[in-house]
Amino acid sequence: MNWFDFPYFAAAATLFWVIAMILLFVSNKNTNRWSHVFIILGLATMISFATILWVRIGRPPMRTLGETRLWYTLFLGLIGYAGYLKWKYRWFISYSLGMAILFLGINALHPETYDKVMMPALQSPWFVPHVIVYLFAYALLAASALVALKGCWLMFRKQSTEKLLPLADNMVYLGVSFLTLGLLFGALWAKEAWGHYWTWDPKETWAFLTWLAYLGYMHIRHFRPGNAKTAFRILVFAFGILILCWFGVYYMPSAKQSVHTYSQQ
Amino acid sequence: MPETQNKIMWQAPWGYRESFSISVGLLFIGWLLEWFSNAPLVEIASYPTNRYMAVIWLTVGAVLFFTARKNFLVKWLSSVPAAIASVGLLALLSLFLGFFAQTPNDTSILGRLGISHMTDSWPFLIAILWVIICLEMAVLKRIRRFKWKDTWYILSHLGLLIAIIGGVFGAPEVERLVMNAFEGRTIWMAQQPDGKMKEVPVAVKLINFDIEEYPPKLAIVDNTTGKVLESMGKPQYQLMDEDTLQIWKYQIIVKKYYSMAAKVEKAYYPVETIGAAPAALITTTRNGQTTEGWTYSGSLNFQPEALKINSEHSLIMLPPEPKHYFSDAVVITPDQKRDSVRIRVNEAVKVNGWKIYQLDYDTDMGRWSNKSVLELVHDPWLPIVYIGIFMMIGGAIMLFWQGKNNSSK
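Note that the protein sequences, when read in sequence, are chains A and B.
Residues in the first sequence are numbered from 1 upward in steps of one, following my numbering.
Residues in the second sequence are numbered from 1 upward in steps of one, following my numbering.
Note that these hints are calculated values from the structure, not bench results.
Remember, predicted model here, so these are calculated numbers, not experimental data.
Even for Gly, the Cβ is constructed at its ideal location relative to N, Cα and C.
Hints are not guaranteed to be accurate.
The calculated lysine-lysine pairs, modelled on BS3-like cross-linking and capped at a C-alpha distance of 27 angstroms, are [unchecked claim]:
1. A/K203 x B/K355
2. A/K88 x B/K149
3. B/K70 x B/K149
4. A/K86 x A/K158
5. B/K337 x B/K323
6. B/K323 x B/K371
7. B/K7 x A/K229
8. A/K203 x B/K323
9. B/K266 x B/K308
10. B/K196 x B/K323
11. B/K308 x B/K249
12. A/K150 x A/K229
13. B/K337 x B/K263
14. B/K149 x A/K86
15. B/K350 x B/K323
16. A/K86 x B/K147
17. A/K150 x A/K86
18. B/K263 x B/K350
19. B/K198 x B/K7
20. B/K149 x A/K163
21. B/K255 x B/K308
A short list of chain A residues far from chain B (calculated; beta carbon distances all over 12 angstroms) [claimed, not checked]:
22. F38
23. L41
24. M155
25. K158
26. G182
Whole structure, please, built from the sequences with the hints as guidance.
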C-alpha cells in the first residue's frame with residue numbers, strides 16, 4: 001500500500017500546524033516568526049508526501065477520494081497561508097489550517113477511502129480546485145454574515161459599528177473573488193464533462209443567485225457607503241441564499257434532475 | 001450622484017425608484033409578449049437573427065455612449081441603481097428558474113408567462129438585454145478614463161459582458177446531438193433534441209466499447225428481512241480491495257477471486273464469455289465459527305449467489321461499479337482524414353469543430369455493450385465565452401489580492 005506512511009506525515013503536519021496556531025494566538029513578535037516557520041514546516045511535510053506518492057504510483061494522485069482530500073489539505077494550507085501573509089487575519093489562517101487538519105484526520109481514520117470508488121464524472125482535474133475555492137468562499141462569506149449579525153445587534157443596542165463595516169466589506173470582496181472562481185471553474189469543468197459550460201442546472205441557478213446577491217451588496221455599498229443598517233441586512237439575507245444553495249436545492253420542485261445529486265450506496 | 005429624498009419621481013438624475021420601476025415595467029412587457037406572441041422565441045432568435053441582434057444591440061449601446069455621453073439617460077444606464085435594478089430583474093427571473101421545474105410545452109399559467117421555460121422566454125431575454133446594455137455603458141465609462149488600478153474592474157466587468165454575449169447570443173447556434181454508435185459500423189447521423197436525425201460532418205466508426213470496473217463491494221444481509229446490516233446508521237458496504245476485511249462483526253478472508261467468472265457445477269472458474277462476472281471464494285469467521293463458500297455478483301446472463309453464513313446472515317457481492325468507460329473509435333471527416341481516438345468521460349475528443357463526449361452505453365449489457373452513446377457538441381461562440389471567463393478569472397484573482405480598500409477607491 002502506497003499510503004502506508006501517511007499517518008506519520010499526517011501526524012507531523014498536524015503537530016506543526018497546531019503549534020503554529022497556538023503561537024499565533026500568543027501575540028508577541030518572536031512567536032509570530034516561529035508560527036510562520038511551523039506553518040511552512042507543515043506545508044513542506046504535506047508537499048513531500050504528495051510528491052513521494054506521485055512518484056511511487058506514477059500518475060498524478062487525483063483519482064480517489066483519499067487522494068482528493070490530500071489536495072484539499074495541501075491547498076487549504078497554501079491558500080490560507082498566502083491569504084494570511086496578505087491580510088494578517090489570524091482567524092483566516094486558523095480556519096484554513098483547521099480544515100486542512102480535519103481532512104488529514106478523515107484520511108487517517110478511514111484508510112479504506114484511499115481506494116474508494118469515485119464516479120467517472122468526478123474524476124477530473126477540475127474537481128479539487130472547484131471544491132477548494134468554494135470552501136474558502138463559504139468560509140469568508142459565513143464570517144461576513146457573523147460580522148453582519150454582530151453589526152445588527154450593536155445597532156439594536158445603539159452602539160457604534162464603525163469598525164465592523166470595513167471588515168465585513170473586505171471579507172465579502174475576498175469571498176466573492178473565491179465565489180467567482182468557483183462558479184467559473186465549475187463552468188470550465190462542465191464543458192469538459194457534460195458538454196456545455198452552463199445548463200441552468202438547479203444548483204447552478206442557485207449558485208448564480210448567491211453570486212448576484214453578493215454582487216448586489218458590493219454595488220450598493222459602493223453607491224451609498226454610509227448606510228450601515230441596509231448593508232448588514234443585505235449580508236444576512238445573502239448568506240441565507242447561500243445556505244439555500246448549499247442545502248436547500250435538493251428539496252425544490254426544480255431539482256428533479258440535477259447533475260449535482262450524487263447517489264451513493 | 002446621491003438621490004435626495006424630496007426629488008420628484010422621474011426628475012433627473014434617476015435613482016433606485018426610477019430604475020426599479022423600469023424593471024417592473026420591462027417584466028410586464030415581457031409577460032405580455034410571452035402571453036400574446038404566437039411564434040416561440042427560440043424560432044425568432046435563431047441563426048442568423050441572433051447575430052444581427054448582437055451587432056445591433058451592442059452598436060446601439062456604443063452609439064448612445066459616444067454621441068450622448070452627457071445625456072442623463074446614458075449617465076443613468078451606467079449608474080449603480082440601473083445596474084442593481086437590471087441585475088435585480090435577472091435575479092427575480094433566476095429565482096423562478098431555480099424554484100420551478102422546467103417543462104417545455106407547459107400550457108398552465110406558469111407556461112404562458114414563460115416561467116416554466118424561463119431561459120427561452122421573453123422576460124428573460126429582455127432582462128439580459130438590459131443587463132448587457134448597463135454593463136456595456138459601465139465598461140465604456142471606465143475604459144474612457146482608464147487608470148491602471150481599474151484593471152480588475154475592467155477584467156471582471158468586460159469579461160462578464162463578453163461571456164454573456166457569447167453565451168446568450170451564441171445559444172441559438174449551439175448544437176447538441178446524440179449519436180448511437182455500434183461496434184464495427186460507421187455512423188454519421190445524430191439525433192437532435194427534437195428527435196429528428198441530422199447529418200454531421202464527422203463520421204464515427206466504433207471499434208470497441210469497454211468499461212474498467214472497481215472491485216465489487218461486499219455486504220452482509222439479514223436472512224429474514226433481506227436488508228443490509230448497518231453500523232451507526234450506515235449500511236456496511238465494503239469494497240473488496242484487500243484479501244482480509246472486517247464487515248460488521250465478521251472477519252472476511254478472500255481465498256480466491258476471479259474478476260470474470262461463471263459457475264461450472266459447484267464452483268466458479270475464470271471465463272471470458274458474455275455475462276462473466278466477479279466471483280470470490282470466501283471464508284467468514286465470527287466467535288470462532290467459520291464458514292467457507294462462493295459468492296457471485298451475477299450479471300445479465302447469470303444468477304447472483306449469496307454465501308449463507310448461518311441461519312441469521314448471508315454474505316452478498318454487489319455488481320462492480322464502473323471506474324471508467326470509454327469508446328475506442330475511428331473518426332472520419334468529409335475530406336477522408338481518419339483519426340484513432342479514445343473518448344471517455346471527462347475527456348472529450350475534438351474533431352472538425354465538434355467535441356465528442358462519452359455519454360452513455362447499454363447499461364443492461366454493461367461491459368459487453370456493443371453500443372456506445374456519444375454526444376456531439378458544436379458551439380461556434382465558445383472561444384468568445386472562454387475569453388470572457390478567463391478575463392473574469394483574472395479579475396477575481398486581482399480582487400482577492402487587492403481586497404476592498406484598493407479596489408473601490
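A quick look at each hint next to the structure:
no. : hint            : in the structure
1   : A/K203 x B/K355 : holds, 25 angstroms
2   : A/K88 x B/K149  : holds, 23 angstroms
3   : B/K70 x B/K149  : holds, 24 angstroms
4   : A/K86 x A/K158  : violated, 33 angstroms
5   : B/K337 x B/K323 : violated, 32 angstroms
6   : B/K323 x B/K371 : holds, 18 angstroms
7   : B/K7 x A/K229   : holds, 23 angstroms
8   : A/K203 x B/K323 : holds, 25 angstroms
9   : B/K266 x B/K308 : holds, 15 angstroms
10  : B/K196 x B/K323 : violated, 33 angstroms
11  : B/K308 x B/K249 : holds, 15 angstroms
12  : A/K150 x A/K229 : holds, 11 angstroms
13  : B/K337 x B/K263 : violated, 47 angstroms
14  : B/K149 x A/K86  : holds, 18 angstroms
15  : B/K350 x B/K323 : holds, 23 angstroms
16  : A/K86 x B/K147  : holds, 23 angstroms
17  : A/K150 x A/K86  : holds, 25 angstroms
18  : B/K263 x B/K350 : violated, 44 angstroms
19  : B/K198 x B/K7   : violated, 60 angstroms
20  : B/K149 x A/K163 : holds, 25 angstroms
21  : B/K255 x B/K308 : holds, 17 angstroms
22  : F38             : holds, 25 angstroms
23  : L41             : holds, 25 angstroms
24  : M155            : holds, 20 angstroms
25  : K158            : holds, 23 angstroms
26  : G182            : violated, 9 angstroms
Of the numbered hints listed earlier, those contradicted by the structure are 4, 5, 10, 13, 18, 19 and 26.
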